[in-house]
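Enquirer: Can you build the whole structure from these sequences, using the hints too?
Next come the chains, spelled out residue by residue.
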Amino acid sequence: MSKELLQQGDSVGLVDTPNGVRARLLPITRSVIRGLVALVSVCLVWETIRIVFQFSSVTMPSAWSIWEKFFSRNSQGEIFYIFLAKNILVTGRGAVLGLLLGAASGVAIGVLIATNRLMRRAFLPLVISAQTVPIVAIAPAIVLFFGTGTLSKTVVAGFLTFFPAAVTTARGIQSVPVDSIHLMRTYNASWWTILTTVKIPFALPLIFVGLETSAAFSVVGAIVAELPFGSKNGLGVIILSSWQFYTISPQSLYCTVIATCLLGAFIVAGIRLAARLSIGGRQHEF
Amino acid sequence: MSNEIGLEAIGVSKIFDTPTGTLLAVDDVNLKVPAGEFISVIGPSGCGKSTLLRMFADLDSPTTGSLNVANLPSSEARIQRKYAFVFQAPTLLPWKSVLKNVALPLKIMGKGKEEREKVAKEMIHLVGLEGFENRLPWQLSGGMQQRVSIARALTVRPPVLLMDEPFGALDEITRDRMNQELVNLRATQHQTVMFITHSISEAVFLSDRVVVMSARPGRIIADIEIDLPEPRTAESRLHPNFSAHVTAIRGYLVDAYNAPQK
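Protein chains in written order, with my numbering: chain A, 1 to 286; chain B, 1001 to 1262.
Bear in mind the hints are in silico, worked out from the structure with no lab data behind them. Some hints here could point you the wrong way.
Some chain A residues near chain B, calculated using beta-carbon distances under 10 Å [claimed, not checked]:
(1) MET184
(2) ALA189
(3) VAL198
(4) PRO201
Ranges between beta-carbon positions, derived for each pair [stated by the list, open to error]:
(5) SER249/A x TRP1138/B: 53 to 59 Å
(6) GLU1130/B x PHE266/A: 45 to 51 Å
(7) ALA85/A x GLU1130/B: 53 to 59 Å
(8) GLU1115/B x LEU89/A: 47 to 53 Å
(9) GLY230/A x LYS1113/B: 53 to 59 Å
(10) LYS1113/B x ARG30/A: 40 to 46 Å
(11) HIS1190/B x GLN131/A: 57 to 63 Å
(12) THR196/A x PHE1016/B: 30 to 36 Å
Using N, Cα and C, we set each Cβ at its ideal position, and we do this for glycine too.
Expert: Laid out in structure tokens, this is it:
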């Protein structure tokens, strides 16, 4: 009895430790604090490198001047962060559509690879060699085929994103316990029923790991599709012009890179949310 | 009813192709199990007893011979869901509740939600898991999980149960209790059961008949009628015939282990 009381007392005492204080903060406040800590750390590393290597402010602008650049007006008189936000939408649309295309085709190809030996032999070398194609090199051709609009971005982003989805789907399906499939066969379940009732759900946690990687690639894909001639909007276009004007205003390049990171983080967060909604209750399985 | 055949194997052999050559896993097995009989198959690892069971379930096909389940060829019996298979592992879908796991076969058969849940609840009651319908498998003990898998097997009301060491992974106390529950279940349902096990006492306690197999090639070397008063209870284990059967089967098993290995 007294032992129990003591334990209770201990746990009450814990509430006042720093751990307890942190536990009482809202999750959103906690992530804001974490984000600020990360931001300050990156700035500190940045500034240290500038000072240690004695880079000029043209080679490597100060963190503060990059921050200020967000609120300056560009040649059209538009505040830079608003200008960036508009272009994030342009690039983001291509990235998200490409991710959807890549995820859908990747999962489909993964299923074929995992369930059909002929398909595995026919598709797998093709899928792997497709990954070695230098996408930057063929991007101009893709833009010639599909124009400078969203379609090109979707295609390039889809091309970069299907591989992680395909590989994790195939691996996930191949690791389904064989007795679960035998069980379904004893009920005379169809190929499709086995796929949708057992194989895909079993593979889902792994598929989401692949989709997270795909989500990050999707932004790279959409930007690559904006680099060739002719595109008028998008983060890729701003990056191109920032290259040209680097010696005048190096800050705009870094602002655009930060904007790109935000877009990537947003899409990855979307995938994580989808994962939490669909398999959130299944942590005990992995 | 008693003329009906629960399980029948006619001249069944199974040859596996392995990297080191062919392996005769099951050699000319002939076996006839009347409907309603409980038969256990016991033998050393690799004697082909699981292979034999899988061939009855049409999960594996024999190299020669034929198998019948509930008076139908095994492939037809599978399509008509004349048997249910219980694996050594509970083989539950970890993201589905107990209720949904038990109702799974009915869902695959295309039954409506109301009927599924009614039957599933009935079976959950039968295996003594009321109140656990909405739990997930990981929240249950190993013995309870295996009960869920037995409830799932019973939902299709199969005339034949094929059980592949279903209690092999359980501790002895739980296993004894599950044995008793299986006996009680069958007292009302009278399925034909083929039960694979490594445990001699489990086989004797449960069965009307025990078949001993030897390894490589997998052959039936003994076929023993178990003579114990019905119904089987904890007392049955104390009956003189019980230990006599255990001793006899142990003798056959020693022979099976010492059989010349090809």
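Enquirer: Next, verify each hint and record whether it holds.
Expert: Against the structure, the hints come out as follows:
| no. | hint | result |
| --- | --- | --- |
| 1 | MET184 | 7 Å, holds |
| 2 | ALA189 | 5 Å, holds |
| 3 | VAL198 | 7 Å, holds |
| 4 | PRO201 | 6 Å, holds |
| 5 | SER249/A x TRP1138/B: 53 to 59 Å | 57 Å, holds |
| 6 | GLU1130/B x PHE266/A: 45 to 51 Å | 47 Å, holds |
| 7 | ALA85/A x GLU1130/B: 53 to 59 Å | 57 Å, holds |
| 8 | GLU1115/B x LEU89/A: 47 to 53 Å | 50 Å, holds |
| 9 | GLY230/A x LYS1113/B: 53 to 59 Å | 56 Å, holds |
| 10 | LYS1113/B x ARG30/A: 40 to 46 Å | 42 Å, holds |
| 11 | HIS1190/B x GLN131/A: 57 to 63 Å | 59 Å, holds |
| 12 | THR196/A x PHE1016/B: 30 to 36 Å | 32 Å, holds |
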